[in-house]
Amino acid sequence: MLQTEQEFIRILRSRLEGTLPEEELNDIVSDYAEHFRIGKADGRSEEELFCSLGSPDDVAREIRATHLVKKAEDVKSCKNIFHAMLATLGLGLFNLVFVLIPFILLVVLLLVVFLFGIVFAIAGPAAFIYSVLQILGIPAFAIWQSPVAGVFFSIGITTFGLLLVIGDYYLARFFYRIGIRYLKWNISVITGTEDEA
Amino acid sequence: MNIQFKKGVLEICVLSVLARKDCYGYELVGEISKRIDISEGTIYPLLHRLKDVGYVTTYLQESAGGPSRKYYRLTEAGRKEEHEQKEEWMRFAASVNALLEGKNDAAD
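Protein chains in written order, with our numbering: chain A, 1 to 197; chain B, 198 to 305.
The shape of chain A in the complex, shown without the other chains (with noise of 0.2 angstroms):
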């Protein structure tokens, strides 16, 4: 690979297009042009300047993973966080351990309160047609001997899965502030490549 300023700043743009706004990648941009320039006047040549830079690609994956994180920040959604928390994972190997295994075990703990709670919520009706039918003679399945007791189950039950879908919800918000948190955290201390410099 060409070590000249021409290729770094090809390779930052080409890994930033289409994530960073045009103008917020002209100013990052600009620091590493400005960068060469000054050092070409201060007498290194193009190639030692790329070198004691770092791999272009390294740093475009750490601008990238920054802004998503941001971005996810700023207007919360599930495609924001997932493409903040992908970006994060490209900054090194470990972050499969440290990013991957922790998001997945949150977004399954989450479904998992969720589907309980849409379980209960839905099974408090039944369980009131039940024990009305019961009420009414009809003979269905007898899950209770009283069936008054089992209209007020039906509507405890339903009022617990409600609560716990609530609640889910609120949990998510949680772990969506400790989430951004941590990856900017992550992001401060990773690095690309682990066995440079």
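Treat the hints with caution; some may be incorrect.
Stated by the list, open to error - Selected chain B positions facing chain A (Cβ under 7 angstroms, derived; list incomplete):
1. Lys204
2. Gly205
3. Tyr223
4. Ser236
5. Tyr241
6. Arg246
To be verified - Each computed EDC-like pair below joins lysine to aspartate or glutamate, with the alpha-carbon atoms no more than 20 angstroms apart:
7. B:Lys267 / A:Asp31
8. B:Lys248 / A:Glu73
9. B:Lys203 / B:Asp234
10. B:Lys231 / A:Glu47
11. A:Lys70 / B:Asp249
12. B:Lys248 / A:Glu34
13. B:Lys231 / A:Glu46
14. A:Lys40 / B:Glu224
15. A:Lys184 / B:Glu278
16. A:Lys184 / B:Asp249
17. B:Lys267 / A:Glu5
18. B:Lys248 / A:Glu23
19. A:Lys79 / A:Asp168
20. B:Lys267 / A:Glu34
21. B:Lys248 / A:Asp27
Claimed, not checked - Estimated spans, in silico, between C-beta atoms of each pair:
22. A:Ile166 / B:Asp249: 30 to 36 angstroms
23. A:Leu162 / B:Val293: 48 to 54 angstroms
24. B:Ser292 / A:Gln6: 45 to 51 angstroms
25. A:Leu109 / B:Ala291: 39 to 45 angstroms
26. A:Pro125 / B:Thr272: 54 to 60 angstroms
27. A:Leu93 / B:Lys248: 25 to 31 angstroms
28. A:Lys76 / B:Lys283: 29 to 35 angstroms
29. A:Val165 / B:Ile209: 43 to 49 angstroms
30. A:Glu17 / B:Lys248: 19 to 25 angstroms
31. A:Glu17 / B:Ala261: 31 to 37 angstroms
32. A:Arg181 / B:Thr272: 20 to 26 angstroms
33. B:Ser265 / A:Leu86: 35 to 41 angstroms
34. A:Gln6 / B:Ala291: 45 to 51 angstroms
These are computed hints drawn from the structure, not numbers from a lab. Just so we're clear, the structure is a prediction, and the values are computed from it rather than from any experiment. Heads up, the beta-carbon is just placed ideally off N, CA and C, and yes, glycines get one too.
Place chain B on chain A using the hints.
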């Protein structure tokens, strides 16, 4: 030295250099890499993050015989952050050094 180590302390290093004087990017990178061996390219993304959270601002200034350069300056919030992080680091480093040197009197 472990790269995570270096990257973790990069922020306080950058804040600290800027606390002494405003710098343009190349100058700042030079100050840091003079002492710490790190991929110089990662200092720019860090500067952008610091700018995003409001610890630094930038301004353009003409240079002698060349196009203007982008200078980075600590904001008031940045100065406060630098002070706090520095205190924290000093305490931490003193504790680690005491442990490494096997002093026993640090506990009392």
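Agreement of Lys248 of chain B and Asp27 of chain A with the hint, judged by alpha carbon distance not exceeding 20 angstroms: At roughly 12 angstroms apart (the allowed maximum being 20 angstroms), Asp27 of chain A and Lys248 of chain B satisfy the hint.
Would you say the C-beta atoms of Glu17 of chain A and Lys248 of chain B sit inside 19 to 25 angstroms of each other? About 21 angstroms separates the Cβ atoms of Glu17 of chain A and Lys248 of chain B, which means 19 to 25 angstroms holds.
Does the closest beta carbon of chain A sit nearer than 7 angstroms to the beta carbon of Gly205 of chain B? Constraint on Gly205 of chain B satisfied, holds at 5 angstroms.
Verify the proposed pairing of Lys267 of chain B with Glu34 of chain A, using a straight-line Cα cut of 20 angstroms. Given pair Lys267 of chain B, Glu34 of chain A holds - Cα atoms ~8 angstroms apart, limit 20 angstroms.
Does 43 to 49 angstroms hold as the CB distance between Val165 of chain A and Ile209 of chain B, or does it fail? holds (44 angstroms)
Is the distance from the Cβ of Pro125 of chain A to the Cβ of Thr272 of chain B consistent with 54 to 60 angstroms? Holds, at about 58 angstroms.
Given the hint of 39 to 45 angstroms, check if Leu109 of chain A and Ala291 of chain B actually sit that far apart at their C-beta atoms. holds (41 angstroms)
Is Lys231 of chain B within 20 angstroms of Glu46 of chain A, Cα to Cα? holds (19 angstroms)
Between the alpha carbons of Lys79 of chain A and Asp168 of chain A, is the straight-line distance 20 angstroms or under? Holds: Lys79 of chain A and Asp168 of chain A sit about 18 angstroms apart, inside 20 angstroms.
Consistency of beta-carbon spacing, Gln6 of chain A to Ser292 of chain B, with hint 45 to 51 angstroms: About 48 angstroms separates the Cβ atoms of Ser292 of chain B and Gln6 of chain A, which means 45 to 51 angstroms holds.
Holds or violated: Tyr223 of chain B as interface residue toward chain A, Cβ cutoff 7 angstroms? Hint on Tyr223 of chain B: holds, closest Cβ of chain A at ~4 angstroms, below 7 angstroms.
Range hint compliance [Cβ, Ser265 of chain B to Leu86 of chain A, 35 to 41 angstroms]: holds (38 angstroms)
Taken one by one, the earlier hints all hold for this structure without exception.
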